[in-house]
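Trainee: Given the coordinates of chain A, work out where chain B should sit on it, guided by the hints.
There are 2 protein chains.
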Amino acid sequence: MKIVTSVHEMRDLSMKERSKNKTIALVPTMGYLHEGHLSLLKEGRQRGDMLVMSLFVNPMQFGPKEDLAKYPRDFERDKKIAERAGTDVIFCPDSGQMYPGPFKTAVEVTELSGVLCGKTRPGHFKGVTTVVMKLFNIVLPHVALFGEKDFQQLVIIRQMVKDLNIPVEIIGMPIIREPDGLARSSRNIYLSADERRSALSISRGLSKAMDTFKTGNRNSTELISIVKNEIKSSGLKEDYVEVIDECTLEPASATANNARIVVAAYAGSTRLIDNVSLEKE
Amino acid sequence: MKIVTSVHEMRDLSMKERSKNKTIALVPTMGYLHEGHLSLLKEGRQRGDMLVMSLFVNPMQFGPKEDLAKYPRDFERDKKIAERAGTDVIFCPDSGQMYPGPFKTAVEVTELSGVLCGKTRPGHFKGVTTVVMKLFNIVLPHVALFGEKDFQQLVIIRQMVKDLNIPVEIIGMPIIREPDGLARSSRNIYLSADERRSALSISRGLSKAMDTFKTGNRNSTELISIVKNEIKSSGLKEDYVEVIDECTLEPASATANNARIVVAAYAGSTRLIDNVSLEKE
Numbered sequence: 382m383k384i385v386t387s388v389h390e391m392r393d394l395s396m397k398e399r400s401k402n403k404t405i406a407l408v409p410t411m412g413y414l415h416e417g418h419l420s421l422l423k424e425g426r427q428r429g430d431m432l433v434m435s436l437f438v439n440p441m442q443f444g445p446k447e448d449l450a451k452y453p454r455d456f457e458r459d460k461k462i463a464e465r466a467g468t469d470v471i472f473c474p475d476s477g478q479m480y481p482g483p484f485k486t487a488v489e490v491t492e493l494s495g496v497l498c499g500k501t502r503p504g505h506f507k508g509v510t511t512v513v514m515k516l517f518n519i520v521l522p523h524v525a526l527f528g529e530k531d532f533q534q535l536v537i538i539r540q541m542v543k544d545l546n547i548p549v550e551i552i553g554m555p556i557i558r559e560p561d562g563l564a565r566s567s568r569n570i571y572l573s574a575d576e577r578r579s580a581l582s583i584s585r586g587l588s589k590a591m592d593t594f595k596t597g598n599r600n601s602t603e604l605i606s607i608v609k610n611e612i613k614s615s616g617l618k619e620d621y622v623e624v625i626d627e628c629t630l631e632p633a634s635a636t637a638n639n640a641r642i643v644v645a646a647y648a649g650s651t652r653l654i655d656n657v658s659l660e661k662e
Numbered sequence: 382m383k384i385v386t387s388v389h390e391m392r393d394l395s396m397k398e399r400s401k402n403k404t405i406a407l408v409p410t411m412g413y414l415h416e417g418h419l420s421l422l423k424e425g426r427q428r429g430d431m432l433v434m435s436l437f438v439n440p441m442q443f444g445p446k447e448d449l450a451k452y453p454r455d456f457e458r459d460k461k462i463a464e465r466a467g468t469d470v471i472f473c474p475d476s477g478q479m480y481p482g483p484f485k486t487a488v489e490v491t492e493l494s495g496v497l498c499g500k501t502r503p504g505h506f507k508g509v510t511t512v513v514m515k516l517f518n519i520v521l522p523h524v525a526l527f528g529e530k531d532f533q534q535l536v537i538i539r540q541m542v543k544d545l546n547i548p549v550e551i552i553g554m555p556i557i558r559e560p561d562g563l564a565r566s567s568r569n570i571y572l573s574a575d576e577r578r579s580a581l582s583i584s585r586g587l588s589k590a591m592d593t594f595k596t597g598n599r600n601s602t603e604l605i606s607i608v609k610n611e612i613k614s615s616g617l618k619e620d621y622v623e624v625i626d627e628c629t630l631e632p633a634s635a636t637a638n639n640a641r642i643v644v645a646a647y648a649g650s651t652r653l654i655d656n657v658s659l660e661k662e
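Sequence lines, in order, name chains A and B.
Going from the first sequence to the working numbering is simple: count from 1 and add 381.
Going from the second sequence to the working numbering is simple: count from 1 and add 381.
Excised from the complex, chain A in its bound form:
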């Protein structure tokens, strides 16, 4: 497994593979890998001749009061996990490599970036789309894999790729959960034992809403209430609970095709997100 820190070296490596008509798969990460990342790497391994995992904690997607400085990092551990998953290249540039000199450009999917998480985290998705565009241009992947846990991010990236004709296939992969149901996230490490217990109310609320949905209840307000009540009774602070259309991210009826319940809530100062598709069977 190669460790590449230079933008030019990464580009050259990808150009060389491309000139041999090899397929490149990219899994963009901010490191501190968990089972969610692992599922992306495994799928990427199937889809690319060369599997690249980028590891870059992108300052541009953190707000001034967010957790950029304390975001968990453990490169040695990540390296082992990535290697075991069959990664060929870890691309781990520093900020100076990614943002040298005065930086003046932004890629933004305007309409989709101001709702849901974008309301609480202004500028976050602009940071995400800009760095993903940069990573695509450096790594030159044929296919890139993202988790559905960050569902809004996935929708925004798909829209960007479509709108800008970016020649990369985007694969969304299902949420990976802890055995008790909590969605895997690098930020789970922040949780105290009490917060960890409370945090379970999110996936439990979603499960209960799904059970109700499966009995034939298509009332969005009721489904949302089930999740809100579960979260509230556990002591978590709700950010939002909504039923949305999976393409537009706008509030939708639970009867719609492509409806999904999305949640964000705070356990102490840790912001957690989760979601579940309201699939008609």
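Careful: at least some of the hints might be erroneous.
Which copy? The list can't say, so a pair holds if one copy fits it or any two copies do.
As the list claims (entries may be wrong) - The calculated SDA-like cross-link candidates involving lysine to any residue, where the alpha carbons are at most 20 Å apart (straight line), are:
#1 K613 x R578
#2 K595 x S658
#3 K543 x R558
#4 K397 x P560
#5 K383 x E529
Hint data in this document are derived by calculation from the structure and do not stem from the laboratory.
Being a predicted model, the structure only gives us computed values, none of them experimental.
Mentor: Frame of chain A; chain B shown alone:
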């Protein structure tokens, strides 16, 4: 010479050339070709195994009160000129191909897009950078050529390419002028005989400023006044005359390296631009 109107067909063609390790050169145009475009095509012919000229009058870069509807078009004439210049492919999609369905994404070089022409044409450069990004992703060129007449556009595109690590080499080509000095532009066709005579004051003013500069005068205010007076006395309405830094587009001293005089003015309702480098010899 191939005429390609479909985004998918263009992409496939470029992918095929790339898989054979052929070099692709792109000259983006809005058609109604003149000698300026011709110089880009000639240079592109030298630099690419496959020379693609895009021809797309991009609605996104026109303001609501601008000349989108009446922008001059003559496809048959353009086809002949492009073919004579050795163009391999004209990529001429319609708006439905370029902006299908709801379009939500923008690429913007924020700081550089609000000054000079950007003040008078809000949103113009956002439209330019977004469509150029799309064209790059569709045509997949190794090299793309732009004229220095649209100097701000060239600087903005260079900044976008640098910031987003776009794997395309940008070539800027010198302004091509009519025998009497007027910078070639598709919009010159709008000028009445009187306006055409008045329009000459722009290049004449720039020439006079350059003569003064060459005598050793490095006073920006005086150089600017020379151009302003020339324009004013001819009856043109000045939009701006500035000495700027070629990288930042900020007002600069004429003593600076990379200083340039840039001009925009109206002849009747036709907006004309021109510029000249204050090269130290």
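Trainee: If a hint holds in the structure, say so; if it does not, say that too.
Mentor: Here is how each hint holds up against the structure:
| no. | hint | result |
| --- | --- | --- |
| 1 | K613 x R578 | within (13 Å within a copy, 75 Å between copies) |
| 2 | K595 x S658 | within (12 Å within a copy, 70 Å between copies) |
| 3 | K543 x R558 | neither (30 Å within a copy, 39 Å between copies) |
| 4 | K397 x P560 | neither (42 Å within a copy, 47 Å between copies) |
| 5 | K383 x E529 | neither (28 Å within a copy, 42 Å between copies) |
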